[in-house]
Each structure stands twice: as C-alpha cells, then as structure tokens.
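Asks: Since each chain comes alone in its own frame, lean on the hints to assemble the complex.
If you want the building blocks of each chain, they are given just below.
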Amino acid sequence: DAKTTQPTSMDCAEGRAANLPCNHSTISGNEYVYWYRQIHSQGPQYIIHGLKNNETNEMASLIITEDRKSSTLILPHATLRDTAVYYCIVPRYNQGGKLIFGQGTELSVKP
Amino acid sequence: KAGVTQTPRYLIKTRGQQVTLSCSPISGHRSVSWYQQTPGQGLQFLFEYFSETQRNKGNFPGRFSGRQFSNSRSEMNVSTLELGDSALYLCASSPSGGLVGDEQFFGPGTRLTVL
Numbered sequence: 019d020a021k022t023t024q025p026t027s028m029d030c031a032e033g034r035a036a037n038l039p040c041n042h043s044t045i046s047g048n049e050y051v052y053w054y055r056q057i058h059s060q061g062p063q064y065i066i067h068g069l070k071n072n073e074t075n076e077m078a079s080l081i082i083t084e085d086r087k088s089s090t091l092i093l094p095h096a097t098l099r100d101t102a103v104y105y106c107i108v109p110r111y112n113q114g115g116k117l118i119f120g121q122g123t124e125l126s127v128k129p
Numbered sequence: 108k109a110g111v112t113q114t115p116r117y118l119i120k121t122r123g124q125q126v127t128l129s130c131s132p133i134s135g136h137r138s139v140s141w142y143q144q145t146p147g148q149g150l151q152f153l154f155e156y157f158s159e160t161q162r163n164k165g166n167f168p169g170r171f172s173g174r175q176f177s178n179s180r181s182e183m184n185v186s187t188l189e190l191g192d193s194a195l196y197l198c199a200s201s202p203s204g205g206l207v208g209d210e211q212f213f214g215p216g217t218r219l220t221v222l
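Here the protein sequences come in this chain order: A and B.
Heads up, the numbering used here is the position in the first sequence plus 18, with the first residue counted as 1.
Heads up, the numbering used here is the position in the second sequence plus 107, with the first residue counted as 1.
Please note that a few of the clues may not be correct.
Which chain B residues face chain A? A few, computed with CB under 8 Å, are given here [stated by the list, open to error]: (1) 145; (2) 149; (3) 150; (4) 157; (5) 159; (6) 211; (7) 214; (8) 215.
Hints listed in this document are in silico derivations from the structure and should not be mistaken for laboratory results.
We put the CB at the ideal spot given by N, CA and C, even for glycine.
Chain B extracted, bound-state conformation (with noise of 0.2 Å):
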C-alpha cells in the first residue's frame, strides 16, 4: 500500500506570495491532518480534514487555509507568505480521523523557504 506522499517536497516562494500545497492520502483514510514544523515552535498542529469537512483547527492565522476532496486528496493554501513561514509541512493520514486506537501516518513533507 502506498504510504502518505506530499508534493512538491521543495518550494521557494518570495514574501507576499501564496502557496498550496497538496497531499495524498493512504487508500481508504478519510482523515488528513496537517502540521507545520520549525526550529523554533517545533511540530505544531494547523488543521485536521474528515470528509471534506474541517474538524479542528489550531491556532493559526487566517493566512493558512485548507480543503479536502472527495477523494480525501487534501491542499492547504498560505496566502501572503511572511519570512517565518518558512517550514517543514507535514501532512498526516489515518483511517476513521483520529478516534480511539487510530493511529497517523506521515508523508515526508514539504519544505518551504520564503525569501
């Protein structure tokens, strides 16, 4: 079974621009949970997707969005990038969203710069 893959792996953006990133999920989950990493704040939670309806949502600004498909596909958008978005995005997958004894499955994440 294909694992969670994310794409792209490497983006470099410039301040004020938008960016959207996408990612897949294993075959038959329908939750998708997505997390931004940085030295600084360490792995922190933005928000979870379970049927193409957003469940939770961490303490983010508006800037960071997202959505989900039919096919449990997911993107998340951060619109007017600043220098300290600049992150590792991972994007997570698990079964039945996260209920008792679920457990998540990482992509390798993409790796934003913004210049």
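Excised from the complex, chain A in its bound form (with noise of 0.2 Å):
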C-alpha cells in the first residue's frame, strides 16, 4: 500500500469546514485514495474515495492534487458528532478488502 501521511490532531469550530490533508506520495496511477473515519468504539465508517478527480457526497468532498501526491478531505459544515478519527488510506490496486490503517487524524469539533 502507498504510505500515507497525516497530522496526529486537528481541531475545527463547529459549523466551521474541517480540511483533513493527507500526503500519499509514493501513489500509484490506478490506486484510489480511501477516506474512513472511526468515532469512539465503533466501527470504521467509509466517507468517500476518489482517483484523480474531486469527488464530493452527503458526507464530505476530497479533492485531490493533479500529481496526485496529496489530497485533502472536506467536512463543510462539521459538527459535534464529526468529531472522531479520520484515516486517509491507499489500499493496492484492486486489494480494497486488505485496508492498512495508518495512525489517522484525531479531529475534535468544539462548539
């Protein structure tokens, strides 16, 4: 799996944006970049993944650089109940279901 880089804590205003960066440098062409996020004992919950072009869902946006060497997560508006840990991950090519969870991001949302 690619190595992937991100700040051990963050913290953001509520109703502000959260922007979670990840550096993935050693990325491949044909492999995704995965967000998951895991709020206290319970499980991982998948966000968002993309390629090379911005994605955006209900939960959050990820836009990623044209080298494709870092992206960056997009919480627009967070909240209290986004405060959790946030995990960028580069699985191999077509091997999603073996995720390799690095440290991840602790964000905490504060009213």
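Replies: Laid out in structure tokens, this is it:
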C-alpha cells in the first residue's frame, strides 16, 4: 500500500469547514484514495474515495491534487458528531479488502 | 438492509483458552475482512476471505485463523490466548472483495478481554 502521512490531531469550530490533509507521494496511477473515520468505540465508517477527480457526496468532499501526491478531505459544516479519527488509506489496486490503517488524524470539533 | 453483525459483542477468556468470533456480512457481500484494534498498535489487518478462500493475510501468528462459509458468513479463531490478544476485533464486508471503487462496511466489533 502507498504510505500515507496525516497530522496527528486537528481542532475545528462547530459549523466551520474541517479540512483534513493527507500526503501519499508514492501512490501509483491506478490506486484510489479512500477516507474512513472511526467514532469512539465504533467500527470504522466509509466516507468517500477518489482517483484523480474531485469527489463529493452527502458526507464530504475530496480534493486530490493534480499530481495525486496529496489530498484533502473537507467536511463543509462540522458538527460535534464529526469528532472522530479520520483515516486516509491508499490500498493496492484491486485489494481494497485489505486496508492498512495508519494513525489517522484525531479531529476534535469544539462548540 | 441489515448491516454487518458480529457475535458475541463482548467476551472474557483466560490465557491458554481458545475463542471463536463470528461475522455475518451484509446480504450479497462476498468478501469479509478481519481487523484487530489495540491502543498500542491501532487497527491492524488480519485476513480477508472471498468466496470461501483466504485472499490476503496480515502479519499475525498462526494462532489466528479464519474461515468463510458458502453463505459468506465468517469466523475467526484464536488459539492459546495471550494477554496481548485483548482487543477489539472488527469484521468488514464488501460486495466484490475490494475491487476498485468498493467500500468496506464494518461491524460494531467484538471486545475480547483475556485475563
């Protein structure tokens, strides 16, 4: 799997956008970037994934740089319920059944 | 559609015993993956099964084993339990086994405590 680097922790004010960066400089051309999050004591939850185009769904937006070496997950209006550990993962091509989790970013949304 | 279910949710065992954990994937999903989560090591991949065959394996000792049945339900077994096996064990299912664009759906986990 391509190695990913994320900040250990971040704070965000409730109602503001949360921008979570991820570096994946060794990503291969056919590998996707996935984001999952884990709220305390629950199983991880899929958020979004992308290859090279920006992606948006009901939970978040994913911005991938043109060289694909980094990406940013954006939670447009963070709420207290978005407090969680966010993981950026780049599984090997067609091996998405084997996710290698790093330390992730612990996001604290504060009132 | 029902989510991924894991049984039991909590388990207490003593060193040297063995344990079997069960995972029922989302209906129609053919891939089941298992993960171990501890405070010290974080989330670590154990193994993945697809259509009853182990397709990927993580770096765990042979005491950790698994299997998948024809209905895609999966079990994992840990023999000769050690204190360090105390962890949250998570299973995840996906429709096509992690192919491009596939997402994994995680269950709530089984909390194993080894005394």
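Asks: With a cut-off of 8 Å on the beta carbons, see whether residue 214 of chain B makes it to chain A.
Replies: Interface hint status for residue 214 of chain B: holds (5 Å vs cutoff 8 Å).
Asks: Go through the hint on residue 150 of chain B and say holds or violated, using the shortest Cβ distance to chain A against 8 Å.
Replies: 4 Å, holds
Asks: Quick one, is the residue 149 of chain B hint okay against chain A at 8 Å, beta carbons?
Replies: OK, holds: residue 149 of chain B within 8 Å of chain A, min 6 Å.
Asks: With a cut-off of 8 Å, does the beta carbon of residue 159 of chain B approach a beta carbon of chain A closely enough for the hint to hold?
Replies: Where the cut-off is 8 Å and the nearest Cβ of chain A is about 14 Å from residue 159 of chain B, the hint is violated.
Asks: Against chain A, with CB atoms and a cut of 8 Å, does the hint on residue 211 of chain B hold up?
Replies: Cβ of residue 211 of chain B sits 6 Å from chain A, so the hint holds.
Asks: Should the hint that residue 157 of chain B touches chain A count as held when the rule is a Cβ pair under 8 Å?
Replies: 7 Å, holds
Asks: At a threshold of 8 Å, is the proposed contact between residue 215 of chain B and chain A supported by beta-carbon distances?
Replies: It holds, given that the least Cβ distance between residue 215 of chain B and chain A is near 5 Å, below 8 Å.
Asks: Are residue 145 of chain B and chain A close enough, Cβ to Cβ, to be under 8 Å, as the hint says?
Replies: Where the cut-off is 8 Å and the nearest Cβ of chain A is about 12 Å from residue 145 of chain B, the hint is violated.
Figure legend: structure checked against the earlier numbered hints; hints not met, in rising order: 1 and 5.
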